[in-house]
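Chemist: Can you build the whole structure from these sequences, using the hints too?
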Amino acid sequence: MTGRWSTVTALVALACLALVPLVADPFQLTLLTRGLVWGLLAASLWALLRMCGLVSFGHAAFFGVAAYVTGIATTIWEVDNVFLALALGVGLTCAVSLPLALVASRLQTISFLLVTLAFAEMLRTLALRWRALGGSDGLPGVVRPDAWPLPVELAAPRGFFYFTLAVVAACLLGLYVIARSAFGHVLVGLRESGTRMAALGYHPAAYRAAAVLLSAGLAAVAGVLHAYLNRFVNPEDLGALVSARALLTVVVGGVPFIGPPLAALALTFLEDILSSHTDRWLAVLGGLYLAVSLLVGLRRRRRRVDPAATAPEPAAATPTPARQP
Amino acid sequence: MHTVGDWLLQLAIGTSFGLLLFLLASGFTLTFGLARFVNLAHGAVFLVAAYVATNVGGPGWRFLLGVLAATAVGLVLSLATYGLARLRWQRMSTDSLRQVFLTFGVLLLLADLARWHWDGLPRSLAAPAALDGSVSLGGATFPGYRLFLIGAVLLLALGLWWLQDRTRFGALVRAGVDDPQMLEATGVRPGPVFIGVFALSGLLAGLAAGLGAPILGAAMGQEFEVLVLALVIVVLGGPGSLQGAFAASLLVGLVDALGKALLPAFAGFTMMALVVVVLAIRPQGIAGRAEP
Amino acid sequence: MTDALVLDRISKHIGGVQINQAVSVRLRPGERRALIGPNGAGKTTLFHIATGLIRPSGGRIRLNGRDVTRLPAHRRARLGLARTFQITNLLPQLTVAQNVAMAAQAESRSRWDPVRPWHRIAALWQRVDELLARADLLPVRDVPVGRLPYGLQRRLEVIVAAARPGNVMLLDEPGAGLTSEETEELMRLVFGLDPDLAVMFIDHDVALTLKLATTVTVLNLGRVVAEGTPDQVRASGVLDEIYLGQVGRA
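Protein chains in written order, with our numbering: chain A, 288 to 612; chain B, 882 to 1173; chain C, 87 to 336.
Each hint should be verified, as a subset may be incorrect.
Chain A side only, calculated, beta carbon under 7 angstroms to chain C, not exhaustive [said to hold, decoys possible]:
1) R418
2) V464
3) I465
4) A469
5) F470
6) E479
7) S480
8) A486
9) L487
10) G488
11) H490
So these bits of chain A aren't anywhere near chain B, every CB distance computed over 12 angstroms [unchecked claim]:
12) A305
13) N368
14) L373
15) V439
16) Y576
Covered stretches of chain C, going by a simulated chain A footprint (3 or more residues, C-beta under 8 angstroms) [what the hints assert, rightly or not]:
17) 163-170
18) 175-189
19) 192-202
20) 266-274
Derived from the structure by calculation, the hints contain no laboratory data.
Note that beta-carbon positions come from the ideal geometry of N, C-alpha and C, so glycine has one too.
Modeler: Written out as structure tokens, the structure is:
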């Protein structure tokens, strides 16, 4: 565990971020807020990876569903409070994710990756075709709510930035608390040896499903913030690019807990610069993924993600039981 | 959907689409089952091949040219992806996350190059006149090309089955899918077998794009649409199994067609429901290996 | 008194190979039954079937009177069945104490608690330390299991299984890689834990098992070829037959 060093970095980062509004203009501040939101999404993905060794290529599904719920809540149901929106977003996203969580918890690592990708893309196609959700135009007009009982003005870039910073920090803290709890340790145990844990009476699929839901909830929080940040929701929020971006930042992030969010911040700025300089930024992005796959170490992640080691099938932990009478 | 004829038509549409997907999915499941390689670039290979088919292809005999060109392009692009992966094969072969990044990057790259070269506009290709008529069977009218497609792909599927079950190459692939270490232990160098499998999968993708061009055309977005369906087929069919992929392809094709015919707005839901239901009953897929 | 564990005509074949054939075993509370036989006799497979890792091709399994044939491994564990593994199967990144705690809390609701820091649950760690003291593992309490010497790992493997509430224990070659003396010490530790514990264990040291066990089941080529007290089995001469005249380490 990186313990002390991590805590210091986190606090320093938090302090720096808190001071940024004093020097940044509204545009930069909005960009930074966007980075924080992506950071939270990255953290949710990282959490799932750390808890279960599962790589999801479909976190955009949780993210986008929550964003759409927010959009609908604001434009149709006239929800005006950010905490209510968060509750609705997280609640409905988790409800919708339950079948996926239950099914996915019994899949092998790669199948899980493929199924999550497929799901997110199917949801995106659904959003594209569903007239009531605005189709390919999406849902505009997602006005910033009020933050009662907090005295924060969310309509202003500065207010929204501080709110986002607080929420993201709270979520990361929550993850840290869970990691140290009994539940968190059970998840570590399941990652180490599914057969041993089963032999002790733990139901592997139930815990895995809980972990997926937890991760989905965090991604949903990011989705709600995203909808309010852009004041706009569209089908691309469910797309593979969103999932891939989160995955990239998790891999490149390195340091636990705060690594992925910081990497996400960096990537946000990079993408912004890129898209303003060339029309072919998708190709460049593709090249970036390619480069990362060939050049980056992916050391620690690799140990966690190696399918042979983390596949949740009983035969994996005890070598060839059937051949050794 | 009022008459038997309507249902039969949807059956034909679903079957022909499903079989096209089978060509695509079989390539994916082979590389996945044998080389343990997740090849997301497959979707973009299809896209580029489709564009090539619609560009090169034309009326009469030029149609065949279009199909051949698409097949060739598929072959080349797939081998190129393998080539890239081989740059870091040691790490790449065991790390599925790395594979995901590599092939996703190739996907984005190829798709954007296609967007650039062809201005992001959809293209179509008319079916050759000889195959384009309509056929009346059992009180319904079927588009002739779809029937041709069903026949052609069934023949190809038979060819694949023959390849898998009756040739040395097929035996090597099956052995490798069952137990990669065993394959190495028998002294066979995996390299050439892998090249063969990647080549085959690219060929099949290109063929699917070419043959499917009169129905699907070429359009931006296909790289994700077909990729998703191929993934669903692979997971439902059981990774590495051609028989499973075949069964799953038909299932997916039919669900897709019936979903669009019966509940047009919710076609996406029916597919997701299918995946959830099948995986809930059999997490390892239709033909996947169950726990001992 | 109900039988603790009943294996009723268990068969298992994979492909064309018959691994177990109509194997029946009756384990009573307090019994210490040895399962012996040459390599390939089907002993570990039988254990995997009994604990739920593998599905039998035929036969039934009853745990404390209840039919558990269709139940998955974790359900059987919760009904009182504990096991150790032939190849050490612990949680390498966690410490010795944490491994035991994982077993000890398996029935308690606190294992789902996502908020309270794990190390603050005092009652749990008290019990853990008690068990560690009995097994003389307190000195290595905070060592990550991955770094523990092999002999201590085998001892921990047993203690982890024993830390779970339960009345049936299956030990798969607990003495694998240990000397006869170490194995005997380990077995006496297990037996000393609870007189009502029903124990079945596999070991290749025939002389030792005959010395420690109260009853013996002998397997050969997937079938039961002899059963009874150690004296009865020794007298029947079946061991000489199947081990081809060698008595002692097979």
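Chemist: Hint by hint, say whether it matches the structure.
Modeler: Each hint, compared with the structure:
1. R418: Violated. Min distance 41 angstroms.
2. V464: Constraint on A/V464 satisfied, holds at 6 angstroms.
3. I465: OK, holds: A/I465 within 7 angstroms of chain C, min 5 angstroms.
4. A469: This hint holds: A/A469 lies near chain C, its Cβ roughly 5 angstroms from the closest one there, short of 7 angstroms.
5. F470: The hint holds - A/F470 has a Cβ within 7 angstroms of chain C, the shortest such distance being about 4 angstroms.
6. E479: Interface hint status for A/E479: holds (4 angstroms vs cutoff 7 angstroms).
7. S480: holds, 6 angstroms
8. A486: This interface hint holds because 5 angstroms falls under the 7 angstroms limit.
9. L487: Result: holds, 5 angstroms to nearest chain C Cβ.
10. G488: holds, 4 angstroms
11. H490: Interface hint status for A/H490: holds (5 angstroms vs cutoff 7 angstroms).
12. A305: Check passes; 34 angstroms lies beyond 12 angstroms.
13. N368: holds, 31 angstroms
14. L373: Holds, because the least Cβ-Cβ distance between A/L373 and chain B comes to about 26 angstroms, which exceeds 12 angstroms.
15. V439: Check passes; 38 angstroms lies beyond 12 angstroms.
16. Y576: Non-interface label on A/Y576 violated, nearest chain B Cβ at 3 angstroms vs cutoff 12 angstroms.
17. 163-170: With 4 residues close enough to chain A, the hint holds.
18. 175-189: holds (count 9)
19. 192-202: holds (count 9)
20. 266-274: violated (count 0)
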